[in-house]
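Asks: Given next are the chains, with one letter for each unit.
Protein chains: 2
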Amino acid sequence: MTGVNGDAGASVDMLEVLKAASGAVEGEMERLVPASEALHGRIHDAMRYALFAGGKRLRPFLVSQSAKLFAVEPSRALRVGAAIECLHTYSLVHDDLPCMDDDDLRRGRPTTHRAFDEATAVLAGDALLTVAFEILAAEPTHPDPGVRCRLVEELAKAAGRDGMIGGQMVDMLAAQRAFGADEIVLLQQMKTGALFEFCCTAGAILGQARPDEVTRLRTYARDIGLIFQITDDLLDVLSTADKAGKAVGKDAAAGKATLVSLWGVDAARTKATELADHAIELLRPYGTTAAELVALPKFLLARES
Amino acid sequence: MTGVNGDAGASVDMLEVLKAASGAVEGEMERLVPASEALHGRIHDAMRYALFAGGKRLRPFLVSQSAKLFAVEPSRALRVGAAIECLHTYSLVHDDLPCMDDDDLRRGRPTTHRAFDEATAVLAGDALLTVAFEILAAEPTHPDPGVRCRLVEELAKAAGRDGMIGGQMVDMLAAQRAFGADEIVLLQQMKTGALFEFCCTAGAILGQARPDEVTRLRTYARDIGLIFQITDDLLDVLSTADKAGKAVGKDAAAGKATLVSLWGVDAARTKATELADHAIELLRPYGTTAAELVALPKFLLARES
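Residue numbers (the working numbering), protein chains in the order written: chain A, 6 to 310; chain B, 6 to 310.
Chain A with its partners taken away, still in its complex shape (with noise of 0.2 angstroms):
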């Protein structure tokens, strides 16, 4: 099944092509979110410590590569993706709060309460949080503005209360009952599905693609949010937290079901890999243009943290 679309994405390297698009998005995030001398200084000084801590830019990677199949100028993908990892890294920063998942550590350092206190955290993730929809809504993201009210829309849908924060609602209801396999998917789908359905298909927005366009890329997203899902708790049961970089063993420890915990490792590898064929397989229309996107469910698949 994946011989000929495997192809495409064969020669790519994707550690080396995820590190050119951190740097692109990191350097837009700098411009877009500078430090400030301002008597308030301390919560762009929060904002940044949180969204300069390393990370995959897995989403803003997405954004892009989803924008070149439409040819896309580069620099309003950059913007998008900008946002969504302001935005993305919001979710971080609360999730990290004493009352939810109360960590003190983040990619291997103090996370935002930690490094400065809980007030300021909660600021500054609401900070990020706004600022991903003032860098969507502003001109130079797209010179069509009902592109750009399309982005500010959709974002906020699959990052609101019936898309990312619903999701997170549902993962703390998830700890005092034990769930099935469809509610941990539909949990899934809200809890980070919804961000990644959103980055791949706001390339298709910014080109002003077809729906059924826009529809495959949503597809595409859904397998890979699964597959990174899947991948995520493997990681959780098999890995050591020095190569996760994070403290690991925490969904069996809290008692919560997974759907490794369900299925088991071999079976949920197993359906990982079915789903990445599957993504592989929507990208053929768009041939080697697609190399990146073709190469991302491999990638997923064998990545240690």
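Check the hints yourself; a few may be wrong.
To be verified - Label pairs and their calculated CB-CB ranges: (1) A:Asp-18 x B:Pro-145: 45 to 51 angstroms; (2) B:Pro-145 x A:Ala-43: 34 to 40 angstroms; (3) B:Gly-113 x A:Leu-20: 56 to 62 angstroms; (4) B:Asp-149 x A:Leu-243: 52 to 58 angstroms; (5) A:Gly-46 x B:Ala-76: 54 to 60 angstroms.
It should be emphasised that the hints constitute simulated quantities derived from the structure, not laboratory data.
Yeah, the Cβ is synthetic: ideal placement off N, Cα and C, and Gly gets one too.
Could you slot chain B onto chain A? The hints should help.
Replies: Okay, now just chain B, sitting in the frame of chain A:
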């Protein structure tokens, strides 16, 4: 000074006007933030608990009244009013958190984190902030997407790192050292003034008014914002918890300087009266269409809660 213009607002029963405006915007909020039977319905419940807690709905009133000056279709102003009320409510929910002001009561009933839990309050605040932008960006807010983008961008700036959130940050620092009057005015301008400005200019933006009219409404909003802050500080000093519906004497207890503590009660009241005269003068060109906006500053000067 206030003779002629004051007359424009002389026959306005502000309590009645605010009550009608409040009923209209609450109907809109009810439609835009409905309850949900979904697995994650608890997030909707918490959002609604925070949203439908009474309150004067002063900000939606400012949007609707400023929109009236430019003959904007009322349903559009109501949507913007509902969005701003979602955003204002998020700021209250997060401000009340234990790591921020640690308030147990808001408008005479348990704060959101007391009625639910801290994590749910953080998430509900995040969701209220997010839905504000979703509402503004959606087509029914205005047929011209350029107008909608401008509203999103202006609200994000008013509410963000260099606006309301920056003001919150400065407020935290204010507990650590004595602020002068200039710093307190700057703090107020960021913390509450920027959102008042958004409300009053939103009407002009919806009406695609000339830049000088946007500026006029912005100046009116600055006056109103400062009057609101001074009268709030006066209430904190002079009122009882029973009348105010919340804890009073908190600024003094926290050792925070306010304009009232720096200037004294009488000078603060005089300053507020001067600001009211100035605000009313600004509305002269709009005649009786501005009756409610003309009546507002005097209403604020007389308020007891």
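Asks: Taking the hints in turn, state whether each one holds.
Replies: Right, here's what the structure says about each hint:
Here the CB-CB span from A:Asp-18 to B:Pro-145 is close to 47 angstroms, well matched to the stated 45 to 51 angstroms. Checked against the hint of 34 to 40 angstroms, the pair B:Pro-145 and A:Ala-43 passes, with Cβ atoms roughly 37 angstroms apart. Between B:Gly-113 and A:Leu-20 the beta carbons are some 58 angstroms apart, a value that agrees with the proposed interval 56 to 62 angstroms. Taking the beta carbon of each, B:Asp-149 and A:Leu-243 are about 54 angstroms apart, inside 52 to 58 angstroms as hinted.
At about 42 angstroms, the beta-carbon gap between A:Gly-46 and B:Ala-76 misses the expected band of 54 to 60 angstroms.
Violated hint for the displayed structure: number 5, the only one.
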